[in-house]
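First to last, the protein sequences are chains A and B. Using this note's numbering, the letters of the first sequence correspond one by one to residues 1 to 739. Using this note's numbering, the letters of the second sequence correspond one by one to residues 740 to 890.
Worth flagging that the hints you see were computed from the coordinates, not collected in a lab. Even for Gly, the Cβ is constructed at its ideal location relative to N, Cα and C. Each hint should be verified, as a subset may be incorrect.
[Stated by the list, open to error] Here chain A is said to cover these stretches of chain B; the calculated rule only asks that three of the stretch's residues, wherever they fall, bring their Cβ under 8 Å from a Cβ of chain A: (1) 797-810; (2) 858-865.
[Stated by the list, open to error] Label pairs and their in silico Cβ distance ranges: (3) B:Glu857 to A:Gly434: 51 to 59 Å; (4) B:Glu810 to A:Glu715: 27 to 35 Å; (5) A:Lys685 to B:Glu857: 17 to 25 Å.
[To be verified] Quick partial rundown of chain A residues pointing at chain B, CB under 10 Å, derived from the structure: (6) Gly649; (7) Asp651; (8) Pro652; (9) Leu657; (10) Asp658; (11) Ser677; (12) Ile678; (13) Ala679; (14) Asn681; (15) Glu684; (16) Glu692; (17) Asp695; (18) Lys698; (19) Glu704.
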Amino acid sequence: MNFNFGPIARTDAGDKKDTINLASLPLHVILNALVGSTSVEEFIAWLWHDLYKPVFHWELGQDRNGNDKFKNLHTPGLGAFGSADRAFAAQTGIREGLACTHHVRWKGDNGNWLPRLSLLEPNFISDQGDQVNLGATVNYVQLSILSEPAMPTALVRSVIADSFIEVVTKSVAEALSQAFTDDGRIPIEQVKFEFHTLLQHGLSANPDNAEIWNKLGEKFDVQAGKKFLMRHFTPVTNPEHEDVYKTEFTADLTGDPLLPEQMLKNIFSLAELLTLYQDSRTIVIAVPQSQLYTIDIATIEQATVEATRRRLDELNVLTINEGIDYLSAAFESQVEIREVPGRLPKRPKNFSRPLVDVVLHPSQLLSRKRKTPNCKICRITGTPFVSALDPPPARLDKLIAPSFVDTEFVGTGQHIAPLTHLYILNSPNAGGSGQKGVPKRKSMRGAFALFTPATQVAIVDQTSIAVERPPLDIGGRFQNSLNRITVTTQEFTLFQQMSRRIIAELWHKIAPNEPLGLPYLGAVLLTHEDHQQIRRILPHLDLFLSDVLLNAYPFKLAVQPAIEITFESPIKDTTKHFGKHTLLKISPHIISAGSKASIPVLLDDETRINVNIALFEHIATLTEITNNLKLKKRKLNQRDLWLKSISTGTDPVTSVLDSGSATVDSRRLNRDISVDSIAFNEAEKFWDRYIETEDFAKDWEQYEKLKHNTFSAIEEYPILSESMRTFQKQEGEANESTK
Amino acid sequence: MSQQSSDSTLEQTLEKAHQTTANLQFKGERAEAVRLAVQTLLLIRGGLPYEIVKNNPYPILVKYIRASNAETLGSLADDVLRAISPNFITLRSLGSLAEAIYNPTEDLAQLALQLLQEETTPLVMLMKKIYQDARGYDEADENNSEQGDKK
Numbered sequence: 001m002n003f004n005f006g007p008i009a010r011t012d013a014g015d016k017k018d019t020i021n022l023a024s025l026p027l028h029v030i031l032n033a034l035v036g037s038t039s040v041e042e043f044i045a046w047l048w049h050d051l052y053k054p055v056f057h058w059e060l061g062q063d064r065n066g067n068d069k070f071k072n073l074h075t076p077g078l079g080a081f082g083s084a085d086r087a088f089a090a091q092t093g094i095r096e097g098l099a100c101t102h103h104v105r106w107k108g109d110n111g112n113w114l115p116r117l118s119l120l121e122p123n124f125i126s127d128q129g130d131q132v133n134l135g136a137t138v139n140y141v142q143l144s145i146l147s148e149p150a151m152p153t154a155l156v157r158s159v160i161a162d163s164f165i166e167v168v169t170k171s172v173a174e175a176l177s178q179a180f181t182d183d184g185r186i187p188i189e190q191v192k193f194e195f196h197t198l199l200q201h202g203l204s205a206n207p208d209n210a211e212i213w214n215k216l217g218e219k220f221d222v223q224a225g226k227k228f229l230m231r232h233f234t235p236v237t238n239p240e241h242e243d244v245y246k247t248e249f250t251a252d253l254t255g256d257p258l259l260p261e262q263m264l265k266n267i268f269s270l271a272e273l274l275t276l277y278q279d280s281r282t283i284v285i286a287v288p289q290s291q292l293y294t295i296d297i298a299t300i301e302q303a304t305v306e307a308t309r310r311r312l313d314e315l316n317v318l319t320i321n322e323g324i325d326y327l328s329a330a331f332e333s334q335v336e337i338r339e340v341p342g343r344l345p346k347r348p349k350n351f352s353r354p355l356v357d358v359v360l361h362p363s364q365l366l367s368r369k370r371k372t373p374n375c376k377i378c379r380i381t382g383t384p385f386v387s388a389l390d391p392p393p394a395r396l397d398k399l400i401a402p403s404f405v406d407t408e409f410v411g412t413g414q415h416i417a418p419l420t421h422l423y424i425l426n427s428p429n430a431g432g433s434g435q436k437g438v439p440k441r442k443s444m445r446g447a448f449a450l451f452t453p454a455t456q457v458a459i460v461d462q463t464s465i466a467v468e469r470p471p472l473d474i475g476g477r478f479q480n481s482l483n484r485i486t487v488t489t490q491e492f493t494l495f496q497q498m499s500r501r502i503i504a505e506l507w508h509k510i511a512p513n514e515p516l517g518l519p520y521l522g523a524v525l526l527t528h529e530d531h532q533q534i535r536r537i538l539p540h541l542d543l544f545l546s547d548v549l550l551n552a553y554p555f556k557l558a559v560q561p562a563i564e565i566t567f568e569s570p571i572k573d574t575t576k577h578f579g580k581h582t583l584l585k586i587s588p589h590i591i592s593a594g595s596k597a598s599i600p601v602l603l604d605d606e607t608r609i610n611v612n613i614a615l616f617e618h619i620a621t622l623t624e625i626t627n628n629l630k631l632k633k634r635k636l637n638q639r640d641l642w643l644k645s646i647s648t649g650t651d652p653v654t655s656v657l658d659s660g661s662a663t664v665d666s667r668r669l670n671r672d673i674s675v676d677s678i679a680f681n682e683a684e685k686f687w688d689r690y691i692e693t694e695d696f697a698k699d700w701e702q703y704e705k706l707k708h709n710t711f712s713a714i715e716e717y718p719i720l721s722e723s724m725r726t727f728q729k730q731e732g733e734a735n736e737s738t739k
Numbered sequence: 740m741s742q743q744s745s746d747s748t749l750e751q752t753l754e755k756a757h758q759t760t761a762n763l764q765f766k767g768e769r770a771e772a773v774r775l776a777v778q779t780l781l782l783i784r785g786g787l788p789y790e791i792v793k794n795n796p797y798p799i800l801v802k803y804i805r806a807s808n809a810e811t812l813g814s815l816a817d818d819v820l821r822a823i824s825p826n827f828i829t830l831r832s833l834g835s836l837a838e839a840i841y842n843p844t845e846d847l848a849q850l851a852l853q854l855l856q857e858e859t860t861p862l863v864m865l866m867k868k869i870y871q872d873a874r875g876y877d878e879a880d881e882n883n884s885e886q887g888d889k890k
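Build out the structure end to end from the sequences listed, making use of the hints.
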């Protein structure tokens, strides 16, 4: 997959570090607006404060000590863009000066200091090398789930996470909208960034400010309104870059979930913009400054419980049984929502608010639980917990499922954590299910698919060479490679955006018009109720096995967005599977998308395969071959017989002959044509199609190669002949691995 | 691959096919065994009477080779020829082929036999292509004369 979210926004030009931040310009400015504004006016100013960065006008100047320093001349109101601040301030209804002073204070025409934004960038984002710090002045809300990331709790944990993000996102959207209304403005629903490229820019080798303005600057535009629009232009030198680096980015501030189709058109939900970090234990969300948004933890928690229950009801997950509210019990002892401490009014000199401390918070809480005198360890997930919840039934058939036979959970007794209790509780016959007229409960047993964006920044610390030197890079900022990729909180959001879109692309192939199962979390969630959809995912797993490129002018970089996958799809026995299988045999697995990735997939209780690009290549080859084996006789078809034949070690040509013999309908043959002749003709057609060259010796070589490849595939994937149909795309669907 | 004129005699065809096979640059450990296997098939093919040939002999070849339990290459050729037609046709061009098959190096013959028994169809297919290339047309093609095969 290729992504283009707009040109890069920042490089660390301050000292000798030749570093690059990958977060695109629109991501950078929208995040600044969301977390750094103390008023609606500032919010608007942040949106266009870096308006002219896409021109990439760099000069080489000097710092206070006389050392060389690259200068990025991009500020509205200064230099070539001197007239822009006043014009766009008027156009967007804010005071002149807010945008042009975002780096340095300036005086206006009347000699007075121009107004400034209350919090400047160093207060909420800084270039960070080896340690990512949270913004000093940024408000964060954190969800911690005190559970080992084991499979039985995956469904409830992911629903809690989705509900939490939904609740916070909607409350932020509502607060922002209200703030705009209170300020006498139309609330912004969408912020749209257009990035145009200009090949015929007509810039001279060393243009002055007037030329830059006339040929570039005056083309830029900012239009206020319900849809806030910004139009940018980047001069390029290589004709190939004219299309590659042209893009749009739309931030949707309504708080509504997006359809995959919208996501794939570079529309970004408020949820994904606010979510800074997510893994299987914690979610960290940035929220606006207190002048725009009031953090009310109790309300968020209550709303999260309600949203979680609503969603679990939809998924047919029992949460209350015989008067006991298991979900509330789980929230009481295993879920914590808090405001992340450590926010400061300004960023001090020796600032430290490490992200890792926040990420590890759930582990610290678990560690504390472990030291509590009445702590127990959950026998199924290994989670330390303290709870007064009554123990689950002791009988195994009631504990797991009527057909469950494993005995490793005998004697679980009281040692079941509340979140796991929800898993235990939801056996096929729980809560009156399975009786006459009531379908069995299949939400927590059987086939299961969960694809979640994982905040795991997998990127090689690569030397980044610009695809071209931008025409206005007079100082040579991009002349040499930038040797390090610097990760800030904004890159965390960037990577998550890519993970979300890879998942959205997957879902778009399965259900083009349906929202994701957990849209705020950006996750696909399917239970055994939808086992057919789960099975339809299998042929599309190659989406995670293709390399990912990020086009961010002037760079093109290989990246590996991370995705957490928990997947189990039976290829046989789908009807009774939920009564036999317990989810206990699979575990979540984080992959970095790319051609080297491998996805473990449990196909039934006995078979696990690693799905990788080689598997899809084998399947593509075998599909191509078997698509041409079309003979059928009653229930026998040549394709299946050919697959069975090669899996017994018969060569591919003889397999065509044998499968042809067995599937020729002799009743329909003319007297003078024998079954053997038809079968031999089939084998000969096969030979001519896949083997024949211009040289007999090479024919044999080609035959041996085909035989070797076929046997290798069968040897590597013994279940290939059985599962091949499962991994084949529907007619008309492209096979990504072979594109 | 060559284009032989369609009026070649069976004698010329076999000679040409034999020559082609002898000169093929097979690769790998099985190269000589593959060559010998194809030569065996040419010998069998050369021994087939017109009555068999006119009805597409190749499926029949595959059938009888796979049905044979012969333990030597020579007995395989005998088996198949006897099964298809007891009237063995002798041709001068079969001489060196017959020598290679009935008096071969032991190991090579065993490997060729094994190949013929296990990968009959692809070998027959290869032989057919070589033979027809030498012959200049497909025997199954109704537009072509089969007279060259008549005895």
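*asked:* Checking each numbered hint in turn, tell me which of them this model violates, lowest number first.
replied: none
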